[in-house]
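Here the protein sequences come in this chain order: Y and C.
Residues in the first sequence are numbered consecutively from 1, following my numbering.
Residues in the second sequence are numbered consecutively from 1, following my numbering.
Worth double-checking, as some hints may not be accurate.
[Unchecked claim] Looking from chain Y toward chain C, a few residues come up when the C-beta cut is under 7 angstroms (computed):
{"#": "1", "residue": "GLU28"}
{"#": "2", "residue": "VAL30"}
{"#": "3", "residue": "VAL60"}
{"#": "4", "residue": "LEU156"}
{"#": "5", "residue": "GLY157"}
{"#": "6", "residue": "GLU160"}
FYI, nobody ran anything at the bench for these hints, they're computed from the structure.
A virtual CB, placed ideally from N, CA and C, is assigned to each residue, including glycine.
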Amino acid sequence: MLASQLMDMRAMLHSQGVIFAYSGYVTEPVLSGVGEALKQKLTIDDADTKTLRSVFAVFVEQMQNIIRYSAEKSQPSLPPASDPGALKEIRYGILTIGREGSDYVVCAGNLIEPGDIDRLNTRVSRNRDMSKDELQVLYKEQLRAEPEIGSKGAGLGFMEIARRASKPLEFDFIDLGNGRAFFALKATI
Amino acid sequence: MRDKLDIEATSRTPAVSFDFVGNHLKISGESYPEDVTEFYGPVFTALDAYLGGLGGGACRFDFELIYLNSSSAKAVMMLMDKLDAAAKTALRSMSIGTTTRRTTRCRNSARSSARTSRTPSSI
Chain Y
1 MLASQLMDMR
11 AMLHSQGVIF
21 AYSGYVTEPV
31 LSGVGEALKQ
41 KLTIDDADTK
51 TLRSVFAVFV
61 EQMQNIIRYS
71 AEKSQPSLPP
81 ASDPGALKEI
91 RYGILTIGRE
101 GSDYVVCAGN
111 LIEPGDIDRL
121 NTRVSRNRDM
131 SKDELQVLYK
141 EQLRAEPEIG
151 SKGAGLGFME
161 IARRASKPLE
171 FDFIDLGNGR
181 AFFALKATI
Chain C
1 MRDKLDIEAT
11 SRTPAVSFDF
21 VGNHLKISGE
31 SYPEDVTEFY
41 GPVFTALDAY
51 LGGLGGGACR
61 FDFELIYLNS
71 SSAKAVMMLM
81 DKLDAAAKTA
91 LRSMSIGTTT
101 RRTTRCRNSA
111 RSSARTSRTP
121 SSI
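One chain only, chain Y, in its complex shape (with noise of 0.2 angstroms):
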């Protein structure tokens, strides 16, 4: 029965403590959607600031991380876009934002090319096994640096992630053997 198969789907998520699903294309109009009822239900919620903060920024370079390295393509039978060049590079990915007892949890999944597995394991290792302390210098030090041929943004994301998060990161890969691997990051607020 269509009712019982979402109301189970809305239950399994609930009982993980989900509080917003996404899974699709993540585009730029989403991240802005999203974002405006995580910032309504975090204040209703009665977050203290530094928290909404926190989660919110969580929230942004985990989607801005999909939108610009996630490695699937949009299928030929998606209904045209009513800007071309927005789909030029449509990314796929699912994020997740809950709670943990009192924390925040943000997590983000994306397809990407099993070539790039060793790069990511290493950018964010580093990212989680580095202090506080450590993580502000070289926040500050990259800020600094030049940007990454290519990027548009400043390949600071996953730095910013590991700074705003109360815990260390967690991450797992899976190669998915078909020229595909998955990439799943957990930030905990």
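Take the given structure of chain Y and dock chain C to it, following the hints.
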């Protein structure tokens, strides 16, 4: 040289109010645009032109930024570097008044929650 640069804030980009005649520049709000280069490019261009012609004049720059994503933090750092460079080039003594009100108590929140005023003045 233009008189001013006014960019209205959007939900994801800050308000930019550069009054070049009055020598009062301000950037306020939140900053997490899709393409940082596309947004800040014109801002840098206008600022470069203004600073190049400032000479020994005084200028006030207010940073009232509530949230910056990592890419924007880099762009704002570049903005601050331009101000520093202009001051050094003019070889004038600067008094920089910095009022910092942090809305979150955290050693890591840095510039995204700082309210900063820089008031260089010539002798």
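Hints and how they fare:
1. GLU28: 5 angstroms, holds
2. VAL30: The hint is violated - VAL30 (chain Y) has no Cβ within 7 angstroms of chain C, the shortest such distance being about 11 angstroms.
3. VAL60: 5 angstroms, holds
4. LEU156: Nearest chain C Cβ about 4 angstroms off; hint holds.
5. GLY157: Where the cut-off is 7 angstroms and the nearest Cβ of chain C is about 5 angstroms from GLY157 (chain Y), the hint holds.
6. GLU160: 4 angstroms, holds
Violated hints amount to a single one, hint 2; each of the other numbered hints is respected by the structure.
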